[in-house]
Amino acid sequence: MTELDPVIHAPARLRIMTTLDEALGDGDEIAFPALQKLLDMTPGNLTTHLAKLEAAGYVASTKTFTGRRPATLVTITPAGRAAFRAYRTQLLELLGGTR
Amino acid sequence: MSTDDSGTRADAERMYDLMQSQRRSTQSRLLRGYAVLLVVWAAAWAIGFGALWCGHDIGGVDLLPTAVAWIVFGACMVVAIVWSIITGVRSGAGIRGRSRFQGMLYGWSWTISMVGTWLLLVGLQRAGLPDELAALIYPGAFALIVGVLYLAGGALWRAPVQYALGIVIIAVAVAATFMGTPFNFLVYAIAGPIAMLIVAVLLVRGLLPVEPRREPSHD
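In order, the protein sequence lines correspond to chains A and B. The opening residue of the first sequence carries number 2 in our numbering; numbering runs sequentially from there. The opening residue of the second sequence carries number 12 in our numbering; numbering runs sequentially from there.
Hints were generated in silico from the structure; no laboratory data involved. C-beta: ideal position from N, C-alpha, C; glycine also. Heads up, some of the hints might be wrong.
Said to hold, decoys possible - Restraint-style ranges between C-beta atoms, simulated for each label pair:
{"no.": "1", "chain 1": "A", "residue 1": "61", "chain 2": "B", "residue 2": "24", "range": "28 to 34 Å"}
{"no.": "2", "chain 1": "A", "residue 1": "69", "chain 2": "B", "residue 2": "76", "range": "53 to 59 Å"}
{"no.": "3", "chain 1": "A", "residue 1": "58", "chain 2": "B", "residue 2": "21", "range": "25 to 31 Å"}
{"no.": "4", "chain 1": "A", "residue 1": "96", "chain 2": "B", "residue 2": "209", "range": "28 to 34 Å"}
{"no.": "5", "chain 1": "B", "residue 1": "139", "chain 2": "A", "residue 2": "69", "range": "31 to 37 Å"}
{"no.": "6", "chain 1": "B", "residue 1": "117", "chain 2": "A", "residue 2": "97", "range": "16 to 22 Å"}
{"no.": "7", "chain 1": "B", "residue 1": "93", "chain 2": "A", "residue 2": "7", "range": "48 to 54 Å"}
{"no.": "8", "chain 1": "B", "residue 1": "127", "chain 2": "A", "residue 2": "93", "range": "45 to 51 Å"}
{"no.": "9", "chain 1": "A", "residue 1": "48", "chain 2": "B", "residue 2": "130", "range": "27 to 33 Å"}
{"no.": "10", "chain 1": "B", "residue 1": "186", "chain 2": "A", "residue 2": "26", "range": "33 to 39 Å"}
{"no.": "11", "chain 1": "A", "residue 1": "28", "chain 2": "B", "residue 2": "130", "range": "31 to 37 Å"}
{"no.": "12", "chain 1": "A", "residue 1": "58", "chain 2": "B", "residue 2": "167", "range": "44 to 50 Å"}
{"no.": "13", "chain 1": "B", "residue 1": "47", "chain 2": "A", "residue 2": "63", "range": "54 to 60 Å"}
{"no.": "14", "chain 1": "A", "residue 1": "48", "chain 2": "B", "residue 2": "47", "range": "27 to 33 Å"}
To be verified - Derived list of chain A stretches under chain B, where covered just means 3 residues or more per stretch with a C-beta under 8 Å from a C-beta of chain B:
{"no.": "15", "segment": "10 to 16"}
{"no.": "16", "segment": "23 to 35"}
{"no.": "17", "segment": "85 to 94"}
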């Protein structure tokens with residue numbers, strides 16, 4: 002049995018990956034405050050975990066402007082989606098693979 | 012080794028539950044606006060068509076003056092339409108990209124098909140459609156279009172609940188039209204809102220797979 006992906010295997014990061022996978026279609030991006038609202042996380046906490054996910058190449062963020070205000074857009078990368086699905090499959094296997 | 016295994020299993024279970032509850036909460040938050048909108052439409056149908064049913068010379072019971080019944084009906088429809096537009100504009104706030112475009116086209120489908128239906132009916136009236144038939148075909152045609160759009164939306168977002176609502180609304184439109192005036196108003200006032208409220212509750216509770224994007228096993 003291989004280890005569960007340590008990047009995803011932490012409650013906060015699993016919640017982030019689940020939300021991004023659920024809320025975003027391919028080619029979609031979500032604004033940082035909107036993501037924060039879906040997760041009920043503090044900005045600092047979310048930023049920290051997003052940085053770890055980004056370092057692993059699972060999410061990508063872009064800085065942009067909406068009007069004159071700076072905004073951060075977050076997206077889940079194809080590698081991130083694949084990793085999330087692999088993690089999910091692994092969990093299901095650990096649980097007996099019936100679900 | 013066995014303690015380690017059971018520890019891993021308990022851990023996996025905890026993480027699986029966390030994942031499922033997060034999926035459900037994300038869905039329910041993204042769809043809450045639509046659930047509220049369905050409640051608004053349910054109220055609009057119940058009150059609006061209820062008023063027509065109670066309208067003098069319109070419905071089956073004589074409780075309201077004709078003009079009042081039409082004003083109540085019109086006001087209900089206007090409020091619900093305005094609410095729909097606001098919900099449409101605010102939906103997916105913070106999310107950009109392909110699905111936003113998809114949602115925008117879908118939103119415009121509502122406006123275009125509603126205006127199209129309305130113009131078509133005005134054309135029929137100009138061609139001499141009698142009032143009694145107009146009272147049947149107006150709500151029938153609009154309800155049919157609503158049903159069709161729900162079918163399309165259900166197919167587009169792989170949302171079985173929405174698709175089911177489309178089927179029910181089309182069935183309501185057909186049944187109401189077969190009942191004839193004035194009973195059609197009663198059918199719209201009762202059957203439509205019940206179906207919408209059931210779907211609204213299902214959306215909020217996230218009981219059914221509303222947007223099942225991933226395949227269960229072999230991907």
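Structure-based check of all given hints:
no.	hint	result
1	A:61 / B:24: 28 to 34 Å	holds, 31 Å
2	A:69 / B:76: 53 to 59 Å	holds, 54 Å
3	A:58 / B:21: 25 to 31 Å	holds, 30 Å
4	A:96 / B:209: 28 to 34 Å	holds, 32 Å
5	B:139 / A:69: 31 to 37 Å	violated, 58 Å
6	B:117 / A:97: 16 to 22 Å	violated, 40 Å
7	B:93 / A:7: 48 to 54 Å	holds, 50 Å
8	B:127 / A:93: 45 to 51 Å	holds, 47 Å
9	A:48 / B:130: 27 to 33 Å	violated, 52 Å
10	B:186 / A:26: 33 to 39 Å	holds, 36 Å
11	A:28 / B:130: 31 to 37 Å	holds, 36 Å
12	A:58 / B:167: 44 to 50 Å	violated, 31 Å
13	B:47 / A:63: 54 to 60 Å	violated, 32 Å
14	A:48 / B:47: 27 to 33 Å	holds, 31 Å
15	10 to 16	holds (count 4)
16	23 to 35	holds (count 12)
17	85 to 94	holds (count 4)
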